[in-house]
Amino acid sequence: MKKIDLLLINASNYPAMLLYPYAFVQVSALARRQGLNVARLDVSTLPLRRAEFAVSHAIRRHGPKAVGFTMRNVDSLLFHVAFPPDGRQGAYQPIRKTAALIKHARTVTEVPILIGGFGFSIDPVVLLGEMEGADIGIRGEPDHLFEHFDEVVHGGRRSDIHNLVYRREDGQVVENERVFYGPLDEPEYDDQLVGELEQFYGGNVLFSDRASPVPVEVARGCPYRCSFCIEPVVKGRQLRRRDLAAVEQDIRLLARHGIRKVFLIASELNIGKDTLLTDAQAMMRRINADMPDLPVVWDGTLLPTKLSRNQVMSLARDHCEMGANGFPAIDDATLRRCQVPYTANDVLEMVETIVMLRERRRYSRVRRMQLFLGNNQIDADGFATTIKALEERGLPARMGAEAPAACRVWEALPKTMPESEEHLWCESVPPMLIYGSYTFAPGLLESFSTPAGIHAFFQFALSTFLTRGHRANKNWVWHLSNVTSPKVLSQILTEASPMILGAEAVAEAKAKAKAKRDSSADLEDDWDEMSSCGEWDDLSSLTSSSDWSQVDTTGPWNELTDSHVELASDSVDEVKALLAAGREALTNRIERLLRLVLLDSDSENLHFLFAPPRLSESSRVVSYSSLASHGENHPNASVVNLLIHQLLMLLVEAFEPRLEKVCKDLGLPLTLDPGSPASEYQIMRRLYARFSSTREIIDYAQERFDLGDDSAEIFLLHTLLYFFNVQIDQRYTPWLFGSDFAGQIGRVEC
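Numbering (this note's numbering), first residue to last: 1 to 750.
Incorrect hints may appear among the rest.
[Said to hold, decoys possible] With a straight-line cut-off of 25 angstroms between C-alpha atoms, the simulated DSS-like cross-links for lysine-lysine are:
hint: 1; residue 1: Lys664; residue 2: Lys388
hint: 2; residue 1: Lys510; residue 2: Lys487
hint: 3; residue 1: Lys65; residue 2: Lys103
hint: 4; residue 1: Lys65; residue 2: Lys97
hint: 5; residue 1: Lys306; residue 2: Lys273
hint: 6; residue 1: Lys2; residue 2: Lys97
hint: 7; residue 1: Lys512; residue 2: Lys487
hint: 8; residue 1: Lys388; residue 2: Lys306
hint: 9; residue 1: Lys65; residue 2: Lys3
[Said to hold, decoys possible] For each label pair, taking beta carbons as the anchor points, the in silico distance ranges come out as:
hint: 10; residue 1: Pro498; residue 2: Ala16; range: 47 to 53 angstroms
hint: 11; residue 1: Thr305; residue 2: Asn482; range: 46 to 52 angstroms
hint: 12; residue 1: Ser212; residue 2: Lys512; range: 57 to 63 angstroms
hint: 13; residue 1: Ser212; residue 2: Gly63; range: 32 to 38 angstroms
hint: 14; residue 1: Gly394; residue 2: Val126; range: 44 to 50 angstroms
hint: 15; residue 1: Arg252; residue 2: Phe53; range: 37 to 43 angstroms
hint: 16; residue 1: Lys306; residue 2: Val173; range: 42 to 48 angstroms
hint: 17; residue 1: Pro223; residue 2: Ser314; range: 22 to 28 angstroms
hint: 18; residue 1: Met649; residue 2: Thr494; range: 16 to 22 angstroms
hint: 19; residue 1: Pro341; residue 2: Ser676; range: 36 to 42 angstroms
hint: 20; residue 1: Glu656; residue 2: Gln339; range: 33 to 39 angstroms
hint: 21; residue 1: Leu294; residue 2: Thr45; range: 55 to 61 angstroms
hint: 22; residue 1: Asn482; residue 2: Lys661; range: 23 to 29 angstroms
Calculated from the structure, these hints are not laboratory results. Built from N, CA and C at the ideal position, the CB exists for glycine as well.
Turn these sequences into a full structure, and let the hints guide you.
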């Protein structure tokens with residue numbers, strides 16, 4: 001076994017975006033250039049006690065001259081992760097986990113312990129003070145450290161090593177001169193690192209269409225001063241390009257091992273003139289010319305500056321999956337305040353281009369657009385303008401989006417600090433900005449008062465106006481249980497059954513049931529005959545309360561889990577295809593149950609459609625993706641959820657002549673089809689102009705059309721409002737439609 005100079009450990013990866021640490025690749029390459037050997041250990045996914053055991057084992061096994069910890073992340077950058085809606089402390093704590101492991105490593109070894117990485121470089125003096133047992137920190141690049149590695153590790157050399165942060169004998173933390181180094185103009189990857197990549201991801205993922213792109217740096221540094229970004233502070237404001245010959249060697253090595261997706265690391269590939277983008281494209285064209293049957297798909301972030309259509313199509317032909325960093329808004333006033341180097345029209349053209357290319361190429365890796373709508377420069381008009389701009393281009397129906405509700409505050413960027421501490425949320429007392437500190441736009445706090453209120457608004461806006469995914473994730477069990485009862489539903493079904501199945505079929509079924517009763521036959525046999533066909537659970541299993549343990553009851557009102565967000569990024573057609581492909585048995589089961597419900601709609605037979613009392617409004621969402629992924633073993637709750645949806649679609653169709661006048665008056669489409677082109681934005685714009693609450697819509701319809709609480713029309717009106725996620729809240733009005741719209745409430749808008 002060769003002698004190890006440095007054992008490099010990472011514990012900071014965000015579990016929801018688990019990636020092989022690129023620091024492992026780059027630090028190892030820099031060390032290799034100086035003749036040093038590095039061993040690597042990632043413990044990001046391990047609980048602390050198991051991570052401590054792994055660290056101890058690795059130190060004893062390798063006996064390194066030094067132990068280094070790399071910290072890429074100091075938090076998730078997501079407010080709802082740092083401050084979960086349930087009030088519990090966020091589970092993702094990379095600083096505390098790294099500090100605990102450093103403290104543990106000090107009990108195992110006496111060799112110097114180092115710490116560095118992008119996250120550490122944000123505020124190295126404060127972070128080194130937090131790391132009990134760490135001897136040396138490296139802010140930024142470790143090039144100079146490796147040039148004098150033995151002198152620093154064994155000889156105690158400190159004061160003249162660039163980028164070093166260390167404790168003096170008196171305990172004071174000292175920071176040496178900060179020097180920005182460019183990328184390594186030599187290959188970074190070798191066969192051993194590729195083997196570790198395969199071990200980390202698994203070959204069935206790394207070499208498949210599901211693989212995350214493997215990073216290869218092409219440039220470092222960014223000259224811009226976007227108010228929400230920390231990258232120029234950590235990597236420098238000068239753009240420093242890497243020799244593309246070295247980049248090409250790395251990509252060819254990865255391709256020889258079967259890796260066919262790479263991400264070209266640069267702040268943006270088209271900063272300034274598009275020379276870097278042009279050169280990178282030419283390089284990838286050369287590489288792929290040698291492997292036309294299985295080309296390397298490449299990715300990278302681009303500024304939303306103007307690209308000609310010919311240039312865009314040329315990139316697509318050369319297997320480029322165009323990407324972009326997040327945008328703070330699609331509103332010029334907000335963009336100017338955020339100091340970004342592009343306009344709202346630039347953003348729209350970029351988003352449309354990316355969506356068009358992905359639809360045309362059907363890329364396997366679908367990314368959601370990032371919108372930093374929680375930036376501290378946005379106001380109500382900027383938020384409303386963004387939603388309107390996306391709506392006018394028809395983008396919400398074609399893409400998914402993410403929109404964090406708060407702006408991450410960095411100590412290194414005092415310009416992002418709020419004007420008063422009441423706008424700052426931090427989980428440490430006194431506030432330490434390295435520990436997940438966030439600020440909100442003043443207007444958001446004025447409108448919604450608390451982080452929880454802001455979070456609820458963002459969840460509503462994201463799921464309703466920036467995607468259409470909410471339609472495919474409705475918890476119809478929750479809906480049914482909260483707007484009607486088995487008795488009322490029985491009356492509605494009794495009236496609707498002849499319209500759906502035909503009067504003769506219903507009469508025949510009733511006669512058959514009466515004959516069975518007269519002969520003392522068990523009426524349940526008819527249900528069992530249909531529902532116990534060797535594939536179905538019987539009705540008793542569908543009606544037992546234990547079945548509802550499968551219902552998703554996590555998260556706040558309308559909260560989207562990771563699986564729901566993933567579903568929201570897919571088109572409705574893809575979801576429907578997933579449900580239909582190979583699901584004929586499921587379709588037949590649902591059809592048989594529908595017929596049984598319609599033929600025998602006695603309220604006693606309908607209880608299995610309703611949730612038990614313990615199912616609350618917090619469980620409004622049931623993921624249809626789970627229904628599609630379980631094959632023949634669908635959770636009963638999901639089956640019932642789908643059954644109710646199909647039943648409601650039949651009822652809307654049956655009562656359409658009576659419901660049409662109500663919907664026409666309110667501007668509601670008569671459909672429960674997730675693929676409907678109807679626009680939530682247009683629906684709610686009309687309703688917000690007329691009503692000040694959702695309840696007011698129901699009251700108006702009852703009075704205007706003389707409808708009772710238990711009428712089919714009111715029940716189905718509730719259903720349509722839920723399907724289109726109509727939630728009217730006066731606080732939302734200016735943020736959804738602009739500050740001048742608030743005065744229009746009560747006026748009918750056509």
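Taking the hints in turn, this is what the structure says about them:
1. Lys664 <-> Lys388: Holds. Lys664 to Lys388 sits at ~23 angstroms (cutoff 25 angstroms).
2. Lys510 <-> Lys487: holds (19 angstroms)
3. Lys65 <-> Lys103: holds (17 angstroms)
4. Lys65 <-> Lys97: Holds - the C-alpha atoms of Lys97 and Lys65 are around 23 angstroms apart, at most 25 angstroms.
5. Lys306 <-> Lys273: The given pair, whose Cα atoms are some 11 angstroms apart, holds under the 25 angstroms limit.
6. Lys2 <-> Lys97: Roughly 30 angstroms separates the two Cα atoms, so the pair is violated.
7. Lys512 <-> Lys487: holds (23 angstroms)
8. Lys388 <-> Lys306: holds (22 angstroms)
9. Lys65 <-> Lys3: Since the Cα atoms of Lys65 and Lys3 sit roughly 9 angstroms apart, the hinted pair holds (cutoff 25 angstroms).
10. Pro498 <-> Ala16: 47 to 53 angstroms: holds (51 angstroms)
11. Thr305 <-> Asn482: 46 to 52 angstroms: Given about 49 angstroms between the Cβ atoms, the range holds.
12. Ser212 <-> Lys512: 57 to 63 angstroms: With Cβ atoms ~59 angstroms apart, the hint holds.
13. Ser212 <-> Gly63: 32 to 38 angstroms: At roughly 33 angstroms between Cβ atoms, Gly63 and Ser212 fall inside 32 to 38 angstroms, so the hint holds.
14. Gly394 <-> Val126: 44 to 50 angstroms: Given a distance of about 47 angstroms, which is inside 44 to 50 angstroms, the answer is holds.
15. Arg252 <-> Phe53: 37 to 43 angstroms: The hinted range 37 to 43 angstroms holds for Arg252 and Phe53, with Cβ atoms some 39 angstroms apart.
16. Lys306 <-> Val173: 42 to 48 angstroms: holds (47 angstroms)
17. Pro223 <-> Ser314: 22 to 28 angstroms: holds (26 angstroms)
18. Met649 <-> Thr494: 16 to 22 angstroms: 18 angstroms Cβ-Cβ, so the 16 to 22 angstroms window holds.
19. Pro341 <-> Ser676: 36 to 42 angstroms: holds (39 angstroms)
20. Glu656 <-> Gln339: 33 to 39 angstroms: violated (53 angstroms)
21. Leu294 <-> Thr45: 55 to 61 angstroms: Violated, since Leu294 and Thr45 (Cβ atoms, about 30 angstroms apart) do not stay within the stated range.
22. Asn482 <-> Lys661: 23 to 29 angstroms: holds (25 angstroms)
Going through the hint list in order, the structure does not satisfy hints 6, 20, 21.
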